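Asker: Spelled out, the chains give:
4 protein chains.
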Amino acid sequence: MEKVEVKDAGGKLGVMIVGVGGAVASTFIAGTLAVRIGKGLAAGSITQLATIRLGKRNANRFPKIKDVVPLADLGDIVFGGWDIFEENVYEAALHAEVLKKEDLDIVRDGLESIVPIPGVFDREFVRRLNGTHVKPQGTRREYTERLRADIRRFRKENKCDRVVVMWAASTEVYISQSEEHASLSAFERALDNDLAAVISPSMCYAYAAISEGAPFIMGAPNLCVEIPALVELAKMERVPVCGKDYKTGQTLIKTVIAPMLKTRMLGLDGWFSTNILGNRDGEVLDDPGSFRTKEVSKLSVIDTILQPQIYPELYGNIYHKVRINYYPPRKDNKEGWDNIDITGWLGYPMQLKIDFLCRDSILAAPLCLDLVLFSDLALRCGFSGMQTWLSFYFKSPIHDEDSVPEHDLFIQHTILKNTLRRIIGEPTLDYLD
Amino acid sequence: MEKVEVKDAGGKLGVMIVGVGGAVASTFIAGTLAVRIGKGLAAGSITQLATIRLGKRNANRFPKIKDVVPLADLGDIVFGGWDIFEENVYEAALHAEVLKKEDLDIVRDGLESIVPIPGVFDREFVRRLNGTHVKPQGTRREYTERLRADIRRFRKENKCDRVVVMWAASTEVYISQSEEHASLSAFERALDNDLAAVISPSMCYAYAAISEGAPFIMGAPNLCVEIPALVELAKMERVPVCGKDYKTGQTLIKTVIAPMLKTRMLGLDGWFSTNILGNRDGEVLDDPGSFRTKEVSKLSVIDTILQPQIYPELYGNIYHKVRINYYPPRKDNKEGWDNIDITGWLGYPMQLKIDFLCRDSILAAPLCLDLVLFSDLALRCGFSGMQTWLSFYFKSPIHDEDSVPEHDLFIQHTILKNTLRRIIGEPTLDYLD
Amino acid sequence: MEKVEVKDAGGKLGVMIVGVGGAVASTFIAGTLAVRIGKGLAAGSITQLATIRLGKRNANRFPKIKDVVPLADLGDIVFGGWDIFEENVYEAALHAEVLKKEDLDIVRDGLESIVPIPGVFDREFVRRLNGTHVKPQGTRREYTERLRADIRRFRKENKCDRVVVMWAASTEVYISQSEEHASLSAFERALDNDLAAVISPSMCYAYAAISEGAPFIMGAPNLCVEIPALVELAKMERVPVCGKDYKTGQTLIKTVIAPMLKTRMLGLDGWFSTNILGNRDGEVLDDPGSFRTKEVSKLSVIDTILQPQIYPELYGNIYHKVRINYYPPRKDNKEGWDNIDITGWLGYPMQLKIDFLCRDSILAAPLCLDLVLFSDLALRCGFSGMQTWLSFYFKSPIHDEDSVPEHDLFIQHTILKNTLRRIIGEPTLDYLD
Amino acid sequence: MEKVEVKDAGGKLGVMIVGVGGAVASTFIAGTLAVRIGKGLAAGSITQLATIRLGKRNANRFPKIKDVVPLADLGDIVFGGWDIFEENVYEAALHAEVLKKEDLDIVRDGLESIVPIPGVFDREFVRRLNGTHVKPQGTRREYTERLRADIRRFRKENKCDRVVVMWAASTEVYISQSEEHASLSAFERALDNDLAAVISPSMCYAYAAISEGAPFIMGAPNLCVEIPALVELAKMERVPVCGKDYKTGQTLIKTVIAPMLKTRMLGLDGWFSTNILGNRDGEVLDDPGSFRTKEVSKLSVIDTILQPQIYPELYGNIYHKVRINYYPPRKDNKEGWDNIDITGWLGYPMQLKIDFLCRDSILAAPLCLDLVLFSDLALRCGFSGMQTWLSFYFKSPIHDEDSVPEHDLFIQHTILKNTLRRIIGEPTLDYLD
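Protein chains in written order, with the numbering used here: chain L, 322 to 754; chain C, 322 to 754; chain Z, 322 to 754; chain W, 322 to 754.
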């Protein structure tokens with residue numbers, strides 16, 4: 322198999338995060354700083370911990386991915402970004418109450434030095450928040466210009482060879498794809514005409530990043546980088562993009578249990594999912610507009626995995642309901658409870674109940690790290706446009722209009738690993754040995 | 322890819338079950354009879370319901386497995402077998418209280434006509450039961466001879482072209498592998514010397530089946546068909562064998578959740594599994610000797626999947642405990658409760674709790690059907706010895722001493738499907754399209 | 322202690338149910354008919370099964386309540402009532418899928434003979450249903466007259482000495498108490514002026530029942546019999562009334578766990594309750610107006626029990642959320658999941674999670690029976706107006722405006738038993754012996 | 322009602338704890354020290370937080386118990402005691418990992434000053450521990466003499482007016498009551514004859530305490546202070562004693578849910594309770610002998626509450642199983658999972674599942690405080706022998722042989738409160754107002 326040409330990983334890698342003071346970003350940054358001085362384990366991160374089997378099973382070659390795939394070194398990362406609140410990342414992390422103070426204090430200096438650039442904020446898109454550290458009111462075109470200038474300045478000040486931009490901010494209200502999103506030229510006109518209702522703040526960030534040659538990662542379920550206009554731009558600029566909606570708690574479970582049902586040909590009558598969470602994410606999702614965006618992202622999973630059109634007897638009549646409840650006593654410690662009504666042999670019913678006492682940001686942080694490193698790898702491989710091989714990380718993987726996304730966690734994982742094998746010129750696996 | 326030569330599936334297929342009056346067997350038989358007259362859905366059965374992707378994803382070829390793989394037709398199956406209680410299968414099924422009377426009555430005649438042959442019983446191996454319909458006391462060699470005669474008679478009386486023998490009886494007490502199991506000649510000597518302590522009743526059945534050219538399936542966790550002596554015999558006689566311990570409730574979940582943790586590189590501190598069940602299986606497992614056999618079968622799963630030797634930081638110190646509790650109020654409606662202590666980013670703890678209200682026999686029955694049909698397929702393909710491509714169906718897949726079993730449900734599934742593709746001469750998949 | 326004068330329980334007791342074809346009513350009726358011919362156990366019913374301690378603990382007097390308290394005999398009950406669907410009670414019970422057909426068939430004749438009288442229906446009050454067996458459109462005054470005529474006719478045709486009317490129909494949309502409810506005279510004017518927005522159908526039934534001297538039981542959370550106008554009427558007519566909202570699944574648990582926290586002085590940070598249910602009740606509650614009525618009924622419980630004003634440090638800041646989800650796969654088999662965030666010594670947090678796989682109508686049926694018999698007892702005792710001693714049975718016990726309701730199940734139970742002791746002239750208990 | 326004569330609460334109150342370095346004791350002590358300087362809330366403590374209703378409901382008199390009942394002041398308590406490990410209480414509390422270091426540091430000096438007296442240790446009674454700070458080997462009589470000397474010395478050195486002795490050490494192996502326990506004279510002979518197999522270390526402590534006029538509290542399920550010999554001694558010495566086995570996690574729930582079932586006349590088919598815990602308590606209970614003692618304590622609860630002899634149809638055939646599993650990943654954070662199989666109307670089954678993520682020592686600490694203060698109160702009231710009014714606090718309340726214990730938490734609570742009312746000369750409540 323032919324090896325992909327990969328540019329060298331040397332030099333500084335700038336990581337600019339939208340929502341750099343949020344719970345996810347601050348947990349990601351603090352952890353990365355701790356890991357690189359040997360003060361923490363990057364559990365959850367494939368780039369840092371996973372091995373990859375090369376060759377036959379009995380060849381016994383299981384090197385660490387980071388030892389055979391040319392990834393950027395953690396020591397070369399420089400963090401920065403935007404936020405609509407002015408706290409530095411240390412203060413923000415204390416407020417988030419995810420990591421213990423004693424753990425934050427290990428990297429306090431590094432965190433305090435990261436001070437957010439004022440963010441683009443439009444309350445029509447995030448109704449439950451009130452940004453206090455925002456750019457002056459401007460047109461959509463002005464916003465993209467200012468963001469591009471931010472990226473250029475950051476790159477220069479920090480002597481970065483490459484920059485990756487990641488969205489780790491709030492879920493915006495639900496909007497549908499419209500004609501302004503259908504092509505780059507239409508999108509550019511909409512920018513110029515300041516059509517604020519169809520161009521969300523997150524699209525401004527994506528447009529700016531791609532225009533500056535920076536891969537863009539969409540961590541929330543917002544309609545953003547998958548619109549044809551931005552994919553067109555990404556291809557034109559030779560920039561990889563990926564998204565959307567980090568696969569953290571309940572959907573992670575769903576993309577494991579649903580494939581289990583399907584591989585075993587067990588039927589499904591209903592799936593009821595409820596969540597309680599008390600962080601800013603929960604507060605934002607308490608708004609019906611933002612919830613709608615999240616709900617759409619969460620609902621498609623089961624149908625796509627189970628293929629009711631192929632298996633109408635087993636999956637033709639599923640009642641799937643997802644609820645998210647803002648529940649402050651829990652803070653960042655999200656809890657997801659699922660009830661799953663299964664049918665087996667001759668239609669006899671069974672039930673599966675899953676209670677996941679998880680931590681939103683703890684699960685998201687290693688995904689951020691992997692996505693930054695793999696997006697940078699993709700850039701250096703010359704991959705551009707949608708990176709479907711990174712679907713593993715997302716609740717709602719972006720995809721071409723004429724294909725269905727892959728939601729099965731294990732197939733996603735096989736694709737990820739086999740892509741890495743292809744990049745380094747190793748044979749892919751079909752497990753028949 | 323070269324196509325395997327497969328003999329024709331025509332003619333009658335005899336299915337002889339050890340424990341034909343048990344809850345699993347009677348549920349399997351009743352369902353199969355109902356399905357073949359169009360009165361029930363074989364949910365849980367891959368041979369009956371699953372499709373297989375052939376070619377590239379966009380080729381859109383998803384035929385049903387049974388339409389492209391030459392499997393025996395359900396209409397050609399003839400059921401029979403042994404039991405240590407004398408009830409016919411209809412009476413036995415009523416007592417088991419798994420299927421509703423109204424469902425059993427649909428196939429009452431077919432069930433009543435199946436009357437068990439007296440079984441081989443040795444109370445030293447199943448202490449909680451008291452068989453009342455057993456063969457006269459004999460030496461181990463005499464037992465195997467009588468069982469072979471049973472098979473020959475059944476085959477002749479029912480004009481079967483081929484016979485498959487399946488163990489769906491109790492878990493025997495724990496025994497370790499000993500020198501008598503190490504080679505066929507040693508085993509034969511032990512048979513002749515009637516070394517009852519090392520040759521279990523289930524080994525007598527396996528020996529008899531293989532000697533008669535019948536594939537043997539071990540559904541319980543007994544030490545049996547994987548001993549070198551019987552594998553040697555199977556290869557000599559060109560007979561496929563598989564096992565062991567049907568993967569039904571809690572372990573099914575385990576082989577899905579553990580791979581999820583590993584693909585996501587989440588750490589594991591502890592896994593506590595408890596079961597409550599009230600059927601005869603639960604009663605037998607209330608005996609410490611039988612429980613030990615089951616426990617060994619259940620415990621190995623996590624270590625084999627998580628590879629603590631490769632990932633000591635994540636999986637080097639797991640506390641894994643499995644409890645099975647006989648709890649009569651539940652009858653066949655087993656409940657498994659798992660508590661899983663996970664660690665994420667920087668070692669922060671999370672918990673996952675899974676409550677599976679399942680039905681033992683409802684989950685096992687479709688496995689029986691698939692294993693019968695695939696074992697018969699393997700026989701006709703000329704495969705012999707251990708069939709590791711059927712690991713998908715077992716809690717504790719049998720394997721060569723110098724290899725580790727594959728426990729990950731999704732890799733097992735890929736192996737199963739890719740083996741079928743190979744049998745019919747189609748390219749295997751690596752998902753990179 | 323002076324014994325209460327109780328009229329004799331002899332003669333026929335008519336039980337007229339609003340919603341006689343609903344799941345609750347049909348389960349109640351079928352069970353009562355079965356119990357009175359010795360074909361079923363009235364589990365859940367205090368009048369049929371419970372004992373009462375009389376005298377000191379060591380006196381060892383524990384007679385059955387029904388042996389010492391003069392209750393009506395089950396054999397004297399005649400069932401009837403109204404429904405907005407025309408099925409007889411046998412057909413309705415089959416549709417409800419609560420009791421098995423084989424259990425219903427035992428009393429089939431009795432159930433088939435109960436054919437509903439057309440009901441009063443106003444879609445403004447129950448938006449998700451579409452009644453097809455309803456009285457002709459009329460004014461509120463006309464409705465009450467027709468209902469009174471129904472009661473008189475039923476009483477006469479069935480030669481009943483006494484009649485009890487019970488609401489076992491849907492939850493109506495939320496309405497607040499208004500000036501029309503403040504006195505009987507205002508209410509009568511509103512009836513005459515047909516103020517349909519403030520006089521619900523359930524109020525028409527209550528008004529009619531009380532006017533005919535029949536005790537009225539409100540099983541749903543509707544604003545109804547507790548309004549001053551109807552209490553005034555009840556006192557004037559010497560009729561007892563009680564309500565509201567049968568305490569069946571989740572709230573039953575709540576009125577047990579909250580008192581446990583309080584007696585142990587454990588703090589409470591949050592209580593999240595979610596329900597899934599798929600019967601008609603669930604469908605009606607999917608309408609926000611009806612849900613609001615239910616929510617108000619369910620929310621007050623915790624505050625009333627925990628008294629945050631007295632214990633601000635423990636209960637001053639509770640986040641209490643109740644969700645009800647229509648989930649058809651479950652039919653009548655409701656499931657309630659509660660997560661309770663507790664604090665203990667020095668404020669350390671703990672969690673309690675309760676999953677109740679219950680059956681709505683199975684839990685409600687024995688309450689119906691007890692309430693009918695105790696309401697009839699109260700009538701014969703000369704008690705009139707609100708019967709707070711029956712609070713035990715209700716989620717949201719009706720009460721005078723200047724008192725707080727008692728929600729603690731165990732205090733409610735003590736009150737119920739001590740009231741019975743008082744009725745039969747026995748000393749009440751304080752447990753100090 | 323006549324008021325009890327209560328001696329004044331003034332002067333120092335010595336609290337000597339057996340197992341003073343254990344998780345329960347160190348949490349109790351640290352919390353008490355913090356509370357008395359206003360640095361913590363004594364949640365869980367009735368003496369510190371609860372109010373008591375005096376007079377009619379509408380009289381609105383709800384004073385705090387500690388304001389109307391003459392309890393010792395927290396400021397007057399002096400802590401001390403024995404342990405078989407030599408760490409001071411600060412070190413021990415750090416090891417226990419119950420309270421956070423930052424919380425312990427608030428009262429560090431106070432904790433460090435408490436250094437355990439060497440304990441009496443006999444490995445025959447606690448097989449999983451290996452005491453390293455123990456009294457020299459001696460006869461049982463010698464042990465009691467040394468313990469009495471310890472108490473006298475402590476009382477003198479700390480100028481205590483009164484001393485209470487509390488057992489917060491391990492569960493001993495199961496022993497049955499024998500003739501040596503039947504009378505004080507027999508017990509004294511056994512002491513003199515050093516019959517070590519029937520006189521446990523905990524009995525030595527109890528004997529010593531009572532002989533020194535100190536109330537004794539048994540917090541573990543050991544056979545100890547309830548034996549006739551020690552009750553006889555307690556009455557002779559005018560000393561109150563109470564026990565046994567603090568009602569903390571799962572049994573607390575059981576004594577709430579079982580009464581709920583009974584007051585509602587719901588049937589019970591089975592109750593399965595499993596626990597996972599990882600502290601020293603869990604380690605000790607991993608020994609079958611100690612587990613047996615605990616099991617007996619836990620099993621009696623349900624039968625005593627549900628009275629199967631009175632309600633054979635509902636409770637005549639309950640399958641009750643209790644499991645305790647040592648599971649180190651959890652440390653002191655015990656988890657109890659209960660599955661409860663209920664039956665309702667006509668015998669239809671329902672299930673209740675309760676998962677209690679609790680903290681053993683956090684739940685036990687306030688019980689310790691209340692029991693110390695109430696035992697001291699009882700002493701000053703002149704109460705002697707078994708204090709059944711304190712049953713509220715115990716899993717297995719000690720009781721006379723000819724009476725049954727009260728297990729219902731709410732009746733226990735009523736008894737506790739009504740006893741306090743009696744002590745201060747207020748009328749008791751029957752809730753009929």
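Simulated from the structure, these hints should not be mistaken for lab results.
Treat the hints with care, since some could be wrong.
Because identical chains cannot be distinguished in the list, a pair is counted as satisfied if it fits within a single copy or across any two copies.
Below, simulated DSS-like cross-link-like pairs (lysine-lysine); rule was C-alpha separation at most 25 Å, straight line [unchecked claim]:
1) Lys674 x Lys642
2) Lys477 x Lys333
3) Lys422 x Lys642
4) Lys583 x Lys360
5) Lys333 x Lys377
6) Lys652 x Lys333
7) Lys385 x Lys583
8) Lys642 x Lys360
9) Lys421 x Lys652
A quick note: this is a predicted structure, and the numbers were derived from the prediction, not measured.
Asker: For Lys583 and Lys360, with the copy left unspecified, which applies at a CA distance of at most 25 Å: within, between, both, or neither?
Answerer: Cα proximity of Lys583 and Lys360: across copies only (22 Å, versus 42 Å in one copy).
Asker: State whether the alpha carbon distance between Lys674 and Lys642 is at most 25 Å within one copy, between copies, both, or neither.
Answerer: both (14 Å within a copy, 20 Å between copies)
Asker: Give the relationship of Lys421 and Lys652 under a CA distance limit of 25 Å: within one copy only, between copies only, both, or neither.
Answerer: Classified as both: same-chain Cα gap 13 Å, cross-chain 19 Å, threshold 25 Å.
Asker: Indicate which option fits the pair Lys422, Lys642 if close means a Cα-Cα distance not exceeding 25 Å: within, between, both or neither.
Answerer: neither (38 Å within a copy, 31 Å between copies)
Asker: Within a copy, between copies, both or neither: where do Lys477 and Lys333 come within 25 Å Cα-Cα?
Answerer: within (11 Å within a copy, 72 Å between copies)
Asker: Up to 25 Å between alpha-carbons, please classify Lys333 paired with Lys377: within, between, both or neither.
Answerer: Close neither inside one copy (37 Å) nor across copies (40 Å); limit 25 Å.
Asker: Which holds for Lys642 with Lys360 at a C-alpha limit of 25 Å: within a copy, between copies, both or neither?
Answerer: neither (42 Å within a copy, 31 Å between copies)
Asker: At most 25 Å between C-alpha atoms: does Lys385 with Lys583 qualify within a copy, between copies, both, or neither?
Answerer: For Lys385 and Lys583, the Cα distance is within 25 Å only across copies (14 Å; inside one copy 31 Å).
Asker: Within a copy, between copies, both or neither: where do Lys652 and Lys333 come within 25 Å Cα-Cα?
Answerer: Result: close neither inside a copy nor across copies, 35 Å intra and 44 Å inter.
Hints 3, 5, 6, 8, counting from the list given before, are not met by this structure.
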